[in-house]
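> This is what each chain is made of:
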Amino acid sequence: MKQRIGVYICHCGGNISDYVDVEMVREAVAHEKGVAIAKTTVFACADSNQKEMVQDIKDNQLDAVVVASCSPKLHEVTFRAVVERAGLNKYNYVHANIREQVSWPHSDNKAGATQKAIQIVRAAIAKVRLSEAIEPLEVDTTQAVLVIGAGIAGMKAAIALSKMGVKVYLVEREHFIGGRIAQWDVLCLTNETGKELVSRLYNEIVSNKNITLYTGAQLIECKGSMGNFAVKLKLNPRYVKDICNDRASLRKAIDVCPVEVPDEFNFGITKRKAIYHNFPGEYPQAAVIDMNSCTRCGLCAKVCDKIDLDMKVEDLELNVGSILVATGFDPYTPAEGEFGYKVIDNVVTLSQFKRLLAFSEPGKLQWKGKPVKNIAYIYCVGSRQVEGENKYCSRYCCTATINTALKANEKFPELNHFHFTRGIRTYGKQEQLYHNASKSGHVFLQSYEDDPSRVERKGDKTIVRINDILTNRKELEVEADLVVLVIGMVPRSNNSVADILKLPRGRDSFFNEIHMKLRPVETVIDGITIAGTCQGPKNVVESINSALSAAIKSYSFVGKDKLMVEPVVAEVDPNLCKWCDKCTRACPFDAIFKNEQGVAHVNDTVCKGCGMCLPVCPTNAIQLKTFTDNEIESMIDVLANEL
Amino acid sequence: MNVTKNARILVFSTVKISDPAIDMAGLLKLHYSPKVYTISVPCSSAVKPRWILRALAKGFDGVFIAADGTDCPYGESCTEKTGEIVKKTHQLMKESNIDPVRLKMAAICSVCSESFIKHINSFNDTLLKLKTTE
Amino acid sequence: MEKKETFKIKRETLKVSEQVKEQLKQFNAIRRHIMEALGDEELTIPQIAEKVGLSNAEAVYYVMSLVKFNKLVPTHMDDMDEFYFYKIKK
Amino acid sequence: MPFAGKKLYDALVVGGGIAGIESALNLANNDLNVLLVEKDLTLGGKMIMLSKVFPTLDCSACITTPKISEAARHPNITILTNTQIQHIDKQDKNYFKARIKEKARYVDISNCTGCQLCEEACPVVVPDQYQYNMVGRKAAYIPFSIASPRVASIDIDNCTLCGACEKVCPTGCIDFTQQDKEYDIIAKSVIMATGFNLFDPLKVPRFSYGKAKNVITALQMERLLAPTRPFNHVLRPGDGKMPCNIAYVLCTGSRDLSVGNPICSQICCMYSIKQAQLLMGALPMADVTLYYINIRSFGKGFEEFYEQAKGMGVNFVKGKVGKITEIENGDLLLRYEDINQGKVFEKKHDLVVLSVGVLANDEPQKLIQGWKKDEYSFAFQKDLFYTPSLSSIEGVFLAGTTSGPMDIPDSILSAGSAAMEAIRYVKQTSVDF
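Protein chains in written order, with this note's numbering: chain A, 1 to 643; chain B, 1 to 134; chain C, 1 to 90; chain D, 1 to 433.
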């Protein structure tokens, strides 16, 4: 039982003290059983206060500490480290959340907030009195990282990790790497194309012996935890053997294939065969057969002996210490009829327009055989929705559109560009592109938030109308040969990775980091990091920066061969256990077994501390460290008994 | 102080899933009754019936389990297991003549702040009605 | 512990600028005027400014500095909820 | 023994703002030996001066100070504050020599407890640069309560050498015999995290900044809102009145060729929206109006934060501000073109905040030969898409706003990125120390 507890109540520079009378809290808890000192502090987390705490612990022989401040998600780690520096065990520290769960939600009721803060601090004191010192468990780590997604973020992270001497498994669901950037072609701010960028990354990956690349590979299972994940992949075959050098016979095989389907690489504006390439110079340079559309007619196999329609799906098991998720985004798919999409035949998405530009010959731009002169761009399609789920701004699209339009001018000088915007967001240096476009005659219009632009069919003409802010509410209309819907980013649909890894999503449905500034690439699942646009819209540079930050964090989980893990595990009292098997069945990790004494026993290094075994035990023989009956029930007693 | 206006509620929340949602309710300045207290556990399937019964015996008007639901990082069976706990505790409550409505469970995902507030407010109303009829 | 007097050593190599001395004199004079102006009274910044003969902006600087150095404290606001009153900290 | 007697480091981090600290921590946690040099008296850069940060509204200190604290006690990090790097020379392919000048503080920082008795004793009062001159400070002083290191310093230019501080110091740590120290160090790599400069609104005379006392910059407003604020409340610097009708002028010094800065500063929309939200809390009766050209709330959670501000009642006026004139009682007349209505209006406000933009800091090019700038004077990024942190000099990496305007989350990610590249570089270079 702890007898000399130090209690610190943080003002959080007003975040707490504006609503909670912190001095009153201090007075109320100063005489709780076991409390040796109770103080208030403007910033508990500041270095000067941390030093003072260390000094207090030493000077007053404190044996346990409570800090009442923000959510433990932010600074529990900080203060555990403080008490450790002063020579205490970090589990003799309890964090009381009086900001996110008191001062903020109860800012409308100062008296109630203060009362609740007092109760919460008292409960924390009650818990820390019963706290015991426990030593962290050491586990061996597998010095390998699984990188999911071979777009630019995943590839860059894989390269960075491999350079640190770590084994990297780079896994791509598609049969070709490069992700969205491979489909991008023009990028802004430099003259490097997406394809060039992808090919540089690919070449570095294949020449690196630390990286193993799997294409057509899907994560289907993940077990274990930080330091030791056991993952299972499903490897879908290409049905084309090796890397086919015999381009001529492969060409013939494609020619004879009778099946034609929309080519998703070109977002459906062209067709491809069931056996296909992405584009000339794709990576890896090998064709693939799409078994969802293949009729197994066998014509291709007759002209090319590299084709083997009997290849089987294989499973592969890998062990890794950390997982870096870089699964990217999907372009938003407009609903049928949204700004004429799929209803009016010269309405396309920005993605489709970019592909059209990429494969059209210079000269005169054509769409479905008709010349294109006037292009209308409708911005914020699927982003900043007034009605609809996507409230967020997709960040990349204003710049990408203006850049695409400028680059289109180089290839097709006769085009006229009309931008139907909701306020241009070419942030930072990208502003220069907006400036250049305005100067070179692009027309920018801006609609009201509650009165979006409209795309209409009038006879054989497509008309875009706007109630324009910039010309003082004038109703304007443009006859467009092509309407380009500037679609935002949405999280990947059909992302089974999220379900398998249990990654939490934010309000925008993208994967969520623990804290945007404190731990921007980590997830609540220890050992799993996130990079690139799976976390939210980003441009190329921002994706690369986040990939490298995630890589350095993943490296910290696998860089050393041992890793300290939380010793919060279940414990069986052998005197109470009557061996009934219920706990072993409840345990999702197979951590409990019957030992030689014939009672249940928990394997420390396998137990994840979830506590699922606790309520099923008929004799209440199981306790979870730091969540024991004594601790929880003393908290309940204090909280129930209001002062 | 609005002591009479609000029921006293103990919430069992989970460190990785429902705690962030409750924290975010604070961040978004969504208000709820200050008589709502939370105790965090790793997983909602770890809540022992005796803790719930003790809370009710010691003076809480109600206990709310903010469950992990399908987001549970520890396993698929969480929803079912937490449901079992509630069922078992309801049984024990009936045996002790405690109205089972005083224990409620709902899955609260890591961004379900608004849903948390809705649940807590309606639970609060239920408990207050119960108090006045008693 | 014996007190060192290193400032005397520094005086041998560094001459204190006249401007610094002048500013110090001026600040002390204004401080004295403000303290006298307040006496037992509570005044707002424009009232202090008028009594002492400072611009309002100057008065803000001096009064806030004196609050920072624990010589003055703010009390309540005027009826219009516009200006705080300040008094001498006892 | 080419390095005999020299201090040797794997990495020299120039600048102790959030990007520098984050870089240093990433390097040190991967067993690199780091020297972190800050020219100011305290670490924390611009971020530590802020009130709260968007869009989470965490207090800025709660993010910076724990990171600073971690860096300060990290066995692999050596921190020098109040230290100017004179120049950095690339010696051969694999290492840099840097001339370090530790400026005298006249306080022995290892013994100073930060008790502030010297501050109390000091008779000299001069404008406090950490509060943008809105209040005074002593010549013997601690920058602010959450400074790191939280120790005193003597501002020798304003000291009268009266000796009062030395007489009261309980630990005898004041020492006027201290001299600037100059020496060389060797580093295998350099991370430039020198941050940005703020636009000086004196360059736009029509906004009356400097003349009209109730026209302030957004950074001054940060101070007024911060827990370590200069006044007892949010008050006008012109007369101490509590403002009730506050205007923000966005794009002050950004997207403006007439002041030589055509680009967007990326952070001003959001910090203005954040301040507006904080002001609605601090001054519940006040009206807050933002005059903007475009609102650029593009980051994660930003658009929602913007919507939240609208919901709280912040006025957003799409308008270009032409002129700000001081009228009676220190109030201000703001003349603007309302873009929605295409007309010019005049509106009275009692406090105007200029949302000043981000400009390049020209420090790095003074420090090292071969430094290339882009057309906006930010660092040239040699391989923008492949390795964004690569500068024009091999072995010198870019963190944070050295390469362009960015917000805090992006600065932190860029610092991680620079650290990763620096580690790779150091591991590959073969100088044996």
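If you are wondering where the hints come from, they were derived from the structure by calculation, not from laboratory data. Every value quoted in this text rests on a predicted model; they were computed, and no experiment measured them. Heads up, a few of these hints could be off.
Keeping only pairs whose Cα atoms sit at most 30 Å apart, straight-line, the calculated DSSO-like set for lysine-lysine is [stated by the list, open to error]:
hint	chain 1	residue 1	chain 2	residue 2
1	A	Lys51	D	Lys101
2	A	Lys474	D	Lys348
3	A	Lys474	D	Lys320
> Does Lys474 of chain A pair with Lys348 of chain D here, judged by a C-alpha cut-off of 30 Å?
holds, 29 Å
> Can the restraint linking Lys51 of chain A and Lys101 of chain D be considered satisfied, given a maximum Cα separation of 30 Å?
Distance of about 28 Å is within 30 Å: holds.
> Would you check the hint for Lys474 of chain A and Lys320 of chain D, treating anything up to 30 Å between C-alpha atoms as holding?
Roughly 19 Å separates the two Cα atoms, so the pair holds.
Figure legend: structure checked against the earlier numbered hints; every hint is met.
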